Every structure is written in C-alpha cells, then in structure tokens.
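Trainee: Chain residues, written in single-letter form:
Protein chains: 2
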Amino acid sequence: MKTWFNVPENSDFSIYNLPFGIFSTAGHHRRAGVAIGDHIIDLEAVAQAGAFHSLAIDNSVFSDDTLNRYIALGKATTITIRCLLQEWLCTEGSVLQKNKQVFVAQADATMHMPVAVGDYTDFYASIDHATNVGKMFRGPENALMPNWKHLPVGYHGRASSIVLSGTNLKRPKGQVKPADATAPVFQASARVDFELEMAFVIGKENGLGNSVSTEEANEYIFGFVMFNDWSARDIQAWEYVPLGPFLAKNFGSNISPWIVTTEALAPFRVAGPKQEPAVLPYLQIEGDQNFDVNLNVYIKPENGEENLVSESNFKYMYWSANQMVAHHTVNGCNLRVGDMMASGTISGPQKHQFGSMLELTWGGKEPLTLANGEQRKFIDDNDTVIMRGFAEKDGKRVGFGEVSCKILPAD
Amino acid sequence: MKTWFNVPENSDFSIYNLPFGIFSTAGHHRRAGVAIGDHIIDLEAVAQAGAFHSLAIDNSVFSDDTLNRYIALGKATTITIRCLLQEWLCTEGSVLQKNKQVFVAQADATMHMPVAVGDYTDFYASIDHATNVGKMFRGPENALMPNWKHLPVGYHGRASSIVLSGTNLKRPKGQVKPADATAPVFQASARVDFELEMAFVIGKENGLGNSVSTEEANEYIFGFVMFNDWSARDIQAWEYVPLGPFLAKNFGSNISPWIVTTEALAPFRVAGPKQEPAVLPYLQIEGDQNFDVNLNVYIKPENGEENLVSESNFKYMYWSANQMVAHHTVNGCNLRVGDMMASGTISGPQKHQFGSMLELTWGGKEPLTLANGEQRKFIDDNDTVIMRGFAEKDGKRVGFGEVSCKILPAD
Numbered sequence: 001m002k003t004w005f006n007v008p009e010n011s012d013f014s015i016y017n018l019p020f021g022i023f024s025t026a027g028h029h030r031r032a033g034v035a036i037g038d039h040i041i042d043l044e045a046v047a048q049a050g051a052f053h054s055l056a057i058d059n060s061v062f063s064d065d066t067l068n069r070y071i072a073l074g075k076a077t078t079i080t081i082r083c084l085l086q087e088w089l090c091t092e093g094s095v096l097q098k099n100k101q102v103f104v105a106q107a108d109a110t111m112h113m114p115v116a117v118g119d120y121t122d123f124y125a126s127i128d129h130a131t132n133v134g135k136m137f138r139g140p141e142n143a144l145m146p147n148w149k150h151l152p153v154g155y156h157g158r159a160s161s162i163v164l165s166g167t168n169l170k171r172p173k174g175q176v177k178p179a180d181a182t183a184p185v186f187q188a189s190a191r192v193d194f195e196l197e198m199a200f201v202i203g204k205e206n207g208l209g210n211s212v213s214t215e216e217a218n219e220y221i222f223g224f225v226m227f228n229d230w231s232a233r234d235i236q237a238w239e240y241v242p243l244g245p246f247l248a249k250n251f252g253s254n255i256s257p258w259i260v261t262t263e264a265l266a267p268f269r270v271a272g273p274k275q276e277p278a279v280l281p282y283l284q285i286e287g288d289q290n291f292d293v294n295l296n297v298y299i300k301p302e303n304g305e306e307n308l309v310s311e312s313n314f315k316y317m318y319w320s321a322n323q324m325v326a327h328h329t330v331n332g333c334n335l336r337v338g339d340m341m342a343s344g345t346i347s348g349p350q351k352h353q354f355g356s357m358l359e360l361t362w363g364g365k366e367p368l369t370l371a372n373g374e375q376r377k378f379i380d381d382n383d384t385v386i387m388r389g390f391a392e393k394d395g396k397r398v399g400f401g402e403v404s405c406k407i408l409p410a411d
Numbered sequence: 001m002k003t004w005f006n007v008p009e010n011s012d013f014s015i016y017n018l019p020f021g022i023f024s025t026a027g028h029h030r031r032a033g034v035a036i037g038d039h040i041i042d043l044e045a046v047a048q049a050g051a052f053h054s055l056a057i058d059n060s061v062f063s064d065d066t067l068n069r070y071i072a073l074g075k076a077t078t079i080t081i082r083c084l085l086q087e088w089l090c091t092e093g094s095v096l097q098k099n100k101q102v103f104v105a106q107a108d109a110t111m112h113m114p115v116a117v118g119d120y121t122d123f124y125a126s127i128d129h130a131t132n133v134g135k136m137f138r139g140p141e142n143a144l145m146p147n148w149k150h151l152p153v154g155y156h157g158r159a160s161s162i163v164l165s166g167t168n169l170k171r172p173k174g175q176v177k178p179a180d181a182t183a184p185v186f187q188a189s190a191r192v193d194f195e196l197e198m199a200f201v202i203g204k205e206n207g208l209g210n211s212v213s214t215e216e217a218n219e220y221i222f223g224f225v226m227f228n229d230w231s232a233r234d235i236q237a238w239e240y241v242p243l244g245p246f247l248a249k250n251f252g253s254n255i256s257p258w259i260v261t262t263e264a265l266a267p268f269r270v271a272g273p274k275q276e277p278a279v280l281p282y283l284q285i286e287g288d289q290n291f292d293v294n295l296n297v298y299i300k301p302e303n304g305e306e307n308l309v310s311e312s313n314f315k316y317m318y319w320s321a322n323q324m325v326a327h328h329t330v331n332g333c334n335l336r337v338g339d340m341m342a343s344g345t346i347s348g349p350q351k352h353q354f355g356s357m358l359e360l361t362w363g364g365k366e367p368l369t370l371a372n373g374e375q376r377k378f379i380d381d382n383d384t385v386i387m388r389g390f391a392e393k394d395g396k397r398v399g400f401g402e403v404s405c406k407i408l409p410a411d
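If you read the protein sequences in the order shown, they are chains A and B.
Residue 393 in my numbering sits at position 393 of the first sequence, and the numbers go up by one each step.
Residue 142 in my numbering sits at position 142 of the second sequence, and the numbers go up by one each step.
Be a bit skeptical, because a hint or two may be false.
[What the hints assert, rightly or not] Calculated lysine to any residue pairs in the SDA-like style (CA-CA distance at most 25 Å, straight line): (1) Lys177(A) <-> Gln275(B); (2) Lys274(A) <-> Ala183(B); (3) Lys177(B) <-> Glu141(A); (4) Lys170(A) <-> Gln275(A); (5) Lys300(A) <-> Leu208(B); (6) Lys135(A) <-> Trp238(B); (7) Lys149(A) <-> Ala190(B); (8) Lys98(B) <-> Cys83(B); (9) Lys351(A) <-> Gln275(A); (10) Lys406(B) <-> Ile386(B); (11) Lys177(B) <-> Ser213(A).
[Unchecked claim] FRET-style restraints, in silico, Cβ to Cβ: (12) Cys83(B) <-> Gly304(A): 56 to 66 Å; (13) Glu216(A) <-> Ser63(B): 35 to 45 Å; (14) Ser63(B) <-> Asp411(A): 55 to 65 Å; (15) Gly27(B) <-> Phe137(A): 54 to 64 Å; (16) Thr25(B) <-> Gly207(A): 24 to 34 Å; (17) Leu368(A) <-> Thr110(B): 58 to 68 Å; (18) Gly364(B) <-> Glu215(A): 50 to 60 Å; (19) Gly27(B) <-> Lys100(A): 13 to 23 Å; (20) Asn303(A) <-> Glu216(B): 33 to 43 Å; (21) Gly304(A) <-> Thr80(B): 35 to 45 Å; (22) Arg138(A) <-> Glu216(B): 39 to 49 Å; (23) Leu368(A) <-> Thr80(B): 50 to 60 Å; (24) Gln187(B) <-> Asn303(A): 53 to 63 Å; (25) Asn59(A) <-> Met136(B): 53 to 63 Å.
Hints are computed from structural coordinates only; laboratory data are not their basis.
Owing to the predicted nature of the structure, the values given are computational and were not obtained by experimental measurement.
Even glycine gets a Cβ: it sits at the ideal position worked out from N, Cα and C.
Using the sequences and the hints given, assemble the complete structure.
Mentor: Here's what the structure looks like:
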C-alpha cells in the first residue's frame, strides 16, 4: 500500500494503522480524529466535506468529545470508515487530497481521553507476572493460585481515575504497615510502581443476562491502547486482604491516546501459549489469539535521559482478550461501549522483560542503576515513566505512540 | 409539621422524607420527582409552574433522565429545594396546592434508575458480618483480618449491572470447584445469596489528587438507597483469590428507587461504636455518624407468602459513610457525582439480624424453614427477595420503600 501523504519512515502511525482518538485545536472543540504520520485526519471536517454521505450515518458522532457514539455504530461501520480512509490516502485526487484542511499537525493538537470509560476491569493474565509475584509472596511451590490456569483472574478497577498520557499524578498517601510495626502508619507511598499493560475498549453492548462467546467476542473488541496501571505496593500489601487492591491502584492509571483497532493488529496475530490443563468449553477458541507487539518501558529522571528498563511483548499473555470477554460475561454481566479491560502486567520469561519494578528489582532487593548513576528500587518523585509499543512485520509498522506520566511529590 | 396533602399513615414517604427519584408516566419521558405519600411531585411540572424561578437554576435538570445534573447543583441548592417543597406542602394556597397537576399517583408511574452510576465501590464495614464470615472461613481466632479495624476495607464493583428494584435477575452461571474435585466445573450457581446493604450517592466532585476530610465528606454524601448486593457464594469461593470478588457479584445488584437525603435522615443519627484501636487522624470524626434505620429482609417463594428472615439495622455499622469518603479519597482518588458506595452486608450481633443467607444458615448448615414448609439454604429459582427499610422516631417516619428482585432460572 502506498500513500500520497507524507508519512515519516518508522512512524507508528503508518497507512496500516489509522488509529482513532479525540483531539482539539486552539479555539475549536474536541472531535474525532485518525492519526497518520505526524498528522491527524479531522473526521468532523471529513464528514463536513460530505465524504461519508453514502454511509448514512449521523455525522454528529464525529463532533462528540468522546468516541463512544462512534464506536457504538458497530464494527461494520467503523471498519468501513477505516478502509475508506486507507483507500483515499492511497488514491490520487481523492476527497482527502482535495480537502487538505482535514489534516491537522499533531504538534498543533491536544489529545484527550478517547472514550468515556463506563466500567474498568483489570485482569492478571500474564503467566510470567503472576508467577513472579507468587514466588515473591508465597514461594516457588505455590507461585500460581489453584484457579489461575482455569480462568482469567480479574477484578474491577476505578474508571474515574483513568487519565490520558501526559496527565501527571501525585504520589499517593495512605496506610502502610511496616513489617516491624504493630499498627499501620499514614505516609506517602514509598513503593510507587508502574505496571506495563495493554487495555482494550469494548465496542458493543451485550445486555444484562447475556453471555458472549469467545468467537462473538471479536465484535466486542474495538481496539487497544497502552495502559500504565500505577500501583502503590506498600499500600496494596496492607489493604488488599481479603477483597483485593483498592487505594493502591485507584489514584490513577494512564492510557495512550490512540485506539489501535483489532483490524490494524490483525497482521501481527500469533499463537498464544498452549493452555494446560485444557480450559472449560466456554473459554476455548481456535486461531491466533495473541498479538506480537513490542512493549518498552523507560524511566526518565528529572533532567536526566531515558533509561530502557523493560523490553516485554504483548505476545506473552496466557489469556487472550476474547477469553476475557467470554469470562466476564459468562454470568450475564453487561458490557457497555467504552468499557475498558486491561491485561494485567505483561512480563516475559526473562528478567529484562519483566513489566513492573516489583519484578525487575525483585521486591526492591536488586535495584536498577540508571545512566546517571542513580539507583531505583521503585519510582522516585519527578521520575517520568514512558511506555512505547509497536508491532512490525514485513516492513509494516503499527504503533501505539506512548503513554507517559511523571510522579509528582505528595502534597 | 402538618401537610394539607393526604399522606397515608405509616407512609415511608412522609412530609419529613421527600426523597428524590426518576419516574416516567405513559407517553411522557423520564423526569425528576419527589415522593410524598402515595404520590410523586413532578419536579419538571413544578419548575414549569415557575416555582423555582427565584433560585436561578437551569430548570432543564428536572427533565433529565437521571438526577446527576440536579445533584451536581450542590447541597445548598438541593437542600433549599427540599425545604421549599416541605414548606409548600404545609402551606395552604401554596404553589403546589394551586397546581394540582404536579402530583402524579405512584401507581401511574414507572420508576427508573435515579442516577447514572460512574463508579461503584463496595465496603465491608459491618463488624458482625465481617466477624461471621471470618469465623466461617478462618475460625474464631482469626475472624477479623489485621487491617479490618484500621481502615474501611473496600473494593471496586460493577456499575453497569446496578439495576432498579423490580428488575429480576437470572441465576448466574460460572466456574465452581466442588470440594472433592481436582478441577472446576461449569454450572449455574447453587449458592445465590442476597446481601443486605445501604448505599450512598456522591453529590460532589473532588477532582483527581484531592483528599476529602471526614468533615468535608458531609458535602459529598447526597443521600442513601437500599442495596441488594447479590452474590454467588460458590463462584466467589473459587475465583476471589487473590484479587477479590468478580463474577460472583457483577451479574447484578438492585437498588431502591428513591434517594433519601442525609438531611431527611438527620433526626435518626445515633452514635457509632467506639473504634478501638483508635483510627488514624484522617479517619477520625466527632458526632453521631450512624443512622438508626430498621432493615428487614423477606423471602417470597413463587406463589407463597413473604417470610421475614432478617431484622437488621443500619446503626450496626462499624465504619461510617463519612469515613468511607475520607478513606476513598485519601490517596487522591477522584469521586464523581452519581458514584455509589455501598456499606457491605449489614448484620447485627444477633442471629436473626444477620444480613445474608450465608450467615443466617451458617454456610448452608442450618437451613431456614419458610411458612410453606420449604427449606432454604440459599435463594431458590423464582424466589423474590424483598428488603424494606425505615427510620421512626417521635412519630416521624422516613422510609426507603423497598428493593425487590426475583431470581429467575438460569438459561
């Protein structure tokens, strides 16, 4: 595929990607856009040029401040629109080439949350991560809980505090209990950690009481973003028994601004791990369910350079997105458009592939040394954590850009 | 206080209550209303009669299909409106008496979800409930977890599946692991249970990164509803380690339709338990933080009569709503208008005051016998569970009506 539009080499936003997002420009409201190279295709402007006339859709969806109504049009429509854009970008004299005003430089735009998140669910679906954490807390014999290989363990998280890349977060305060203390103390968390995750956006409603099969799940998964599930390990250790993590997680999570569609990721599908013991029929699915997406994490201290601290890959997941959807709805739980489901920390089998400081420093016992000579057990004040992800194959690159956040000092 | 309006004796919706809800009537859209006796005051109609003119508010909030924008006007406004209604209901010749069209018979109305719930948090804040569950699962020595008296244990639940009283739910299916089995099986839950809870609705936003003190929390708690937090005990037992309950809870929760304001509940404030050990300063608060609200649970088998199975009271809470808000936000987590926080199962110290079948039948070991001679360990297909709550003192009654739901057979 060759486009007449100028896309820089190695851009995450190649002609093969065309992810959806919400942006604004000076003096003009939030609206829907598609990334191409260093630019954004302004979908409101494209619609105003009459380009979508034949689709008989309500053009006002492109002027909303979230993509929810657009995504709710359904896969048939959103796939068609992405294909049309691709075609127009490759056709001389197309409606896009004739209407250059539809292109906005990313440098002139501000990105915003792409969807209003109804409910957010976090899974725990990387076997290397679950094994690492289990080894640290329960020893190597009992690393994986008995249920872990039978179902994708998940729990509900906080939707309100999912914010965009670039929204910095204050170090959370809370109760922690020092090992040698008889009572908890109140303090700023001393163990703030990132979690390298991917999340997907739900694009269809099932309605309360209706299960979605692993095959049907394809219609429900609109696309993916990168997800930093910030965690305060010391708060978590004290609070999480018996009902799970709460304040250790809900002070904030960051996502990357562009939703990369499952269609754009299709060429990068790979087989997942063989699931043994065999899973129950409602979780079974054929075909390549994983995605080969390189995931890198960098720590950038204040005034310092970026330090690559993790090189993981989305392909290491034990449980797939389709299985998560099937499991989530098997009891009749209703999904809504804009809901977000995150993978849980994505660690690979090797040490440099671990997706959290907890694992990389093995609970703080083996600090990382940065290029400036400083050491890190966890994330320090004014450190920026940057995650970047991209798939690449046969000269095609489909990337996520980045998700970035600085941890500000506690009040 | 004496009203010229005909309020039946012992009505939950006395002149002292005036709770807010969303209703519709044949051929007319959803809109805001206030319950009085067997009627509803149609706030859209009251606004159209010009009654709120002096308040300089946007009257369109009363025509929304949720109360979110109304509640977001803030306590000063919502308290004023409730006071005005009270005054008009007690004044001969008032705008309400002159505009009888503003009264709608509850029998002619359909109630709807009063708010769009952004995030839902469930706490675990009754000491009798936590102790009972702890005894059953861990023995009497370790009944309460070490953190339990230091913080109100809470976790995020599912907002999408919170539905109104009267929305019946299908028995959920899922993985359960029989004690003697080596692997889980897929089946309809055999241990569907109610949980008697109260929930409160958040009425103010704090913004990400900002804590709310226990005193400031008063501004954030708009009012209360009854809450049935349905639970599938067998699904829960298998799935909940280590990240908490998930599919065991998110197949549905029911709420009562009318939000009873904290102002209406003020006369029924009572002291909570003495908290020992003393809680950390951010959780401390003076004054009567509990509410004396009688809470009764009934099981009505198909074609059978109602059986009173639990007589609990909201006053038995160990942790108060204000403490929940302070704890929830101490790390900077942002609350939004319409968020819901539930108390967790409210059990009293005596056996007939337990708020779940798990406790009432002690894990199914001591079945209840119903009036028709049938026994119940948990909830059977086509059983309707009805919860009713009311406060009463000095001849004043402020009630919640009921929250009711029938468990339908699994598909």
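Trainee: Each hint: holds or not?
Mentor: Hint-by-hint comparison with the structure:
1. Lys177(A) <-> Gln275(B): Status holds; Cα separation ~19 Å.
2. Lys274(A) <-> Ala183(B): Distance ~18 Å between Lys274(A) and Ala183(B) Cα, so the pair holds.
3. Lys177(B) <-> Glu141(A): holds (21 Å)
4. Lys170(A) <-> Gln275(A): Roughly 40 Å separates the two Cα atoms, so the pair is violated.
5. Lys300(A) <-> Leu208(B): holds (23 Å)
6. Lys135(A) <-> Trp238(B): holds (21 Å)
7. Lys149(A) <-> Ala190(B): It holds: about 23 Å lies between the C-alpha atoms, which stays within 25 Å.
8. Lys98(B) <-> Cys83(B): holds (18 Å)
9. Lys351(A) <-> Gln275(A): Roughly 23 Å separates the two Cα atoms, so the pair holds.
10. Lys406(B) <-> Ile386(B): Judged against 25 Å, a Cα distance of about 9 Å means the pair holds.
11. Lys177(B) <-> Ser213(A): Since the Cα atoms of Lys177(B) and Ser213(A) sit roughly 22 Å apart, the hinted pair holds (cutoff 25 Å).
12. Cys83(B) <-> Gly304(A): 56 to 66 Å: Distance hint for Cys83(B), Gly304(A) holds at roughly 59 Å.
13. Glu216(A) <-> Ser63(B): 35 to 45 Å: Hint holds: Cβ distance 37 Å, inside 35 to 45 Å.
14. Ser63(B) <-> Asp411(A): 55 to 65 Å: violated (40 Å)
15. Gly27(B) <-> Phe137(A): 54 to 64 Å: Once the Cβ atoms are compared, 60 Å apart, the range 54 to 64 Å for Phe137(A) and Gly27(B) holds.
16. Thr25(B) <-> Gly207(A): 24 to 34 Å: holds (25 Å)
17. Leu368(A) <-> Thr110(B): 58 to 68 Å: For Thr110(B) against Leu368(A), whose Cβ atoms are near 60 Å apart, the range 58 to 68 Å holds.
18. Gly364(B) <-> Glu215(A): 50 to 60 Å: Violated, since Gly364(B) and Glu215(A) (Cβ atoms, about 37 Å apart) do not stay within the stated range.
19. Gly27(B) <-> Lys100(A): 13 to 23 Å: violated (50 Å)
20. Asn303(A) <-> Glu216(B): 33 to 43 Å: Because 37 Å falls inside the window, the suggested range holds.
21. Gly304(A) <-> Thr80(B): 35 to 45 Å: violated (55 Å)
22. Arg138(A) <-> Glu216(B): 39 to 49 Å: holds (40 Å)
23. Leu368(A) <-> Thr80(B): 50 to 60 Å: The hinted range 50 to 60 Å holds for Leu368(A) and Thr80(B), with Cβ atoms some 57 Å apart.
24. Gln187(B) <-> Asn303(A): 53 to 63 Å: Because 59 Å falls inside the window, the suggested range holds.
25. Asn59(A) <-> Met136(B): 53 to 63 Å: holds (58 Å)
Violated hints for the displayed structure, listed by number in ascending order: 4, 14, 18, 19 and 21.
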